Amino acid sequence: MIPFFAVAGLILLTSVLMLLPLIPALAELHNKSDALPLSVIQQHTGEIRFFADGFRTYMKGLELPLRECVSSGANTTGTMPDGSEYLVLGRGEEALFLPFREHNEFRPAVIASGTDLLLPSETNFSKEIFSAASVIGGTMNRYRAILAEKDVRLGRESSVMRWVHAVGEFSADPACQLYGRISSDTGIRLSAECRFLRLNAPYIAIGLEVDGAPDPSQLLSDAVVYQRLFHDGDFEIQAGEVFEGNLVVRGRLRIGVRARVRGSVKSEKEMVLEPGVSIEGSLIGASTMQIGSNCMIRGPVIAERTVLIQKGTRCGTLQNPTTVSAPNIEIEEGVVIFGTLWAREEGEVMAGA
Amino acid sequence: MIYALYVIVSVICIYTARHYWFTLNRLFGFQRHPYIDIDTADWPPVTILVAAHNEEKVVANILSALMTVKYPEDKMLVIPVNDRSTDRTREIIDEFVGRFPGRIRPFHRKEGKGGKAAALKDAMELVQTEVILIFDADYIPGAGLIRQLTAPFFDPEVGGVMGRVVPMNCGTNLLTRLLDLERSGGYQVDQQARMNLRLVPQHGGTVAGVRLSALREIGGWNDTSLTEDTDLTYRLLLHGWKTVYQNRSECYEEVPETWPVRIKQIKRWAKGHNQAMVTYGLHLLFGKHRASLRERIDGTLLLGVYIMAPFTLLGWVLALGVFYQGVAPLHGIVAILSVTAYAAIGNLAAFFEIAAAVRLDGSRKRVCLVPFLILGFAVSIFAVSWAAVSQVKDALTGAEFHWDKTERFRKAAS
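First to last, the sequence lines map onto chains A and B. Reading the first sequence from the start, the letters are residues 1 to 353 in this note's numbering. Reading the second sequence from the start, the letters are residues 1 to 414 in this note's numbering.
Among these hints, one or two may not hold up.
As the list claims (entries may be wrong) - Covered by chain B, according to a simulated footprint, are these stretches of chain A (three or more residues, beta-carbon under 8 angstroms):
| id | stretch |
| --- | --- |
| 1 | 22-30 |
| 2 | 71-77 |
| 3 | 147-159 |
| 4 | 244-253 |
| 5 | 259-265 |
It is worth saying that the hints were derived from the structure and are not from the lab. The structure presented is a predicted model; accordingly, all values stated were derived computationally and were not measured. We put the CB at the ideal spot given by N, CA and C, even for glycine.
Produce the entire structure from the sequences given, and follow the hints as far as they go.
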């Protein structure tokens, strides 16, 4: 009998040890605590204005006090339904003089103004700002988020942590740091040494000098389906040459001065566009990309590493906006992008030569 | 016998290493999503083909979803490919055509060869755009999905694009929960790692797109294939077109809720995959074409995925045979046998891959179900092996492949 019990005991012990890892599995199967489908973004589409639109809806709760403050010229404070404190200003310029600063922190949290909002310098605005008119910020400020129904102008060396949306023009003075999303329904202007991540507007002008480049709307439509041409190894399109077709180069690609490509271009290694090049389609680089001065590119510009865009270049058109995207973007003053400029890791405005 | 076993062990070791390589790349490597940031562009016209064969339970859902996506209306045409349906599919589609005039052009196929590829092939007569997107009728695309799947076609080298499939009925029972885990591993890790490493992401034939000029160059849809998606992947590759995977282009699907349906589905996949292996395997590995060396190797390993099931079963039989013959393993082979034992119990590397995928998805408790995957593995290994055997039998007897539609479980939209 003893060997029988020994064997039975061994089998029992082995079975228990085998079933041990299944206990959490059985518990989860029974409880279904994590059985919902993975969250898939079904409705919003990664829209850059998503947070701004949400905040605009949130601000509807302040419509009445805002209207009253504007007509009376008075200020008021209170608490939103979610517990956030707010300050409503009848006269936006009074924000410069109000005693709401404690150790460079502006209190209370959400600021709303019915008129142009003038903000002091060297201040941390840790909650959202809303203006029914424009927002003009002092220097070296730190913002969480701004929504303005007119223009937004940030003073030198200011930074934005989450997002800004301006119905009018957004402009940033030198050395601003724009983390998160910056969008405008009118246009964006960035000065030298500004750093950015994601920008979207009908036009994004880098620096004050935006004229001088030819209008890319002169470029033909790329509705024609061009033949695809392959080249293994390095390739060069000669200066002044007109190249017809979609070009895929498995090596380095150089496009000579004032050459024109009637189609799209891709290279697996470095790509260099010399000054005055026109591309009617898209520009795709699996490595780094250098776009010379006064180039015109109609379609999306995508680089998997770094893209350098030199002065006078224009990407997209007002009628046909496009996207310029890369992990790292260096862009010189004098460039205009129509549409989206998106640096996944870091974008920087280089001071003009 | 022992040498055959060594071969099998070696091949299993290669697949084990591959799983680990992919998982570690996904956890620690550079992640490629080059086209996902294209949110503003002069969007090209697209045609969206919705494959529907007796889909009265689900077709209204996808058509409703497609009518609300964010894509220029004048540049998007939906073609429901109603393939010889005998239920209310036609009626439902025609109702949508009436509600959205000019945006849906139905293709009612009354006769012809069976199978999705044959239906898509016939529907091509209506397609005039360079970009074609394909959905099965049980999928529900989100608002931004059409733009996300179209964006890669700005790259002139891209011939095909594939999005991620997410089960929406995952909580129904044990099978759906296991399939949810498998999908996570397959897309979140396997497909994305192949994208990261510039290997061969697989076209899935749904939540997917193809370039018309590329499709024409490779000879159109292959209606002799049981898995037109695998077939398409390899023909694109052999003609120098890239298939790209977009992990963030997610779309809900319905997974089988009963084991017989699941077995039928995986047997069809296995047969189609093996068919592609026989057709393209040698040419891919040794032929003259534009695929890189790493694409050739990965593509070949991908082709062999389903043949590994009977191969593993054979390994078990051989291992038993070796044991009872009393053959002593060669000196130093013990280590390899250890790996075999480790891998043979279900290739734990694949389970590691799935656990990592679940983690990347941000899920918490569902990772607890990983031990149950051994059950899904056991069913799959026998089903896939049986499919391979019957495929050989069909080839010898000259029997034609039969295309089985996957049964739907959703309640019909009212």
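Do the hints match the structure? See the list:
1. A stretch counts as covered by a chain when three or more of its residues have a beta carbon under 8 angstroms from one of that chain; for the stretch 22-30 of chain A and chain B the count is 6, and the coverage holds.
2. A stretch counts as covered by a chain when three or more of its residues have a beta carbon under 8 angstroms from one of that chain; for the stretch 71-77 of chain A and chain B the count is 0, and the coverage is violated.
3. For the stretch 147-159 of chain A, the stated coverage by chain B is not satisfied: 0 residues place a CB nearer than 8 angstroms to a CB of that chain, which falls below the threshold of 3.
4. As drawn, the stretch 244-253 of chain A meets chain B at 3 residues by the rule of a beta-carbon pair under 8 angstroms; at three or more, the given contact holds.
5. A count of 3 residues in the stretch 259-265 of chain A with a Cβ less than 8 angstroms from any Cβ of chain B is obtained; the coverage claim is therefore met, three being the minimum.
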